[in-house]
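2 protein chains.
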Amino acid sequence: MNEIFDIIGLIAATLTTSSFAPQVYKTWREKSSKGISLTMYSMIFIGAALWLIYGIHIQSAPIIIANIATEIMVSMMIYFKFKY
Amino acid sequence: MNEIFDIIGLIAATLTTSSFAPQVYKTWREKSSKGISLTMYSMIFIGAALWLIYGIHIQSAPIIIANIATEIMVSMMIYFKFKY
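Order-wise, the sequence lines are chains A and B. Sequential numbering of the first sequence, starting at 0, is according to numbering that gives the first Met the number 0. Sequential numbering of the second sequence, starting at 0, is according to numbering that gives the first Met the number 0.
Since the hints were made in silico from the structure, they are not lab data.
Since copy identity is lost for identical chains, a pair holds within one copy or between any two.
Mimicking DSSO-like on lysine-lysine, the simulated pairs with C-alpha atoms at most 27 Å apart in a straight line are:
id	residue 1	residue 2
1	Lys30	Lys82
2	Lys25	Lys82
3	Lys33	Lys80
4	Lys80	Lys25
5	Lys80	Lys30
6	Lys33	Lys82
Predicted, not measured: the structure shown is a model, and the values here were computed from it.
Could you put the whole structure together from the sequences, leaning on the hints where they help?
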């Protein structure tokens with residue numbers, strides 16, 4: 000039974016994390032960060048770091064995996080915001 | 000000791016959830032959803048619903064609170080994307 004919920008958690012992690020991908024791609028392709036809020040991405044960056052600490056503590060694989068991946072994506076968006 | 004991690008989780012929840020607020024405000028103020036990816040927000044919407052199921056199962060208050068709030072914010076962005 001727990002495996003089902005782990006799978007649900009992992010699908011959730013995949014969706015919310017890869018949800019950043021289209022925005023990363025769009026920003027990279029259009030070479031424009033207009034309409035992108037740096038405040039938003041900065042808050043997600045700090046938030047994901049804290050989620051990571053929380054996830055490690057409660058030993059939740061979906062939370063750990065999701066937030067490592069989120070940090071990678073968000074770092075790219077912050078880089079683009081300064082570059083474009 | 001657990002309380003500390005619950006507080007970390009709640010701060011994480013507040014940051015990642017309220018991170019949507021500037022983008023919601025910016026989109027509403029500029030009456031423009033240019034640069035906003037509908038794909039991104041649709042994926043977050045489904046992902047947050049699954050996180051909610053997962054959070055209820057593992058009885059994690061930060062996950063439950065974060066994802067209810069996320070659904071409210073993301074619903075607003077999807078509404079703006081169709082309106083503007």
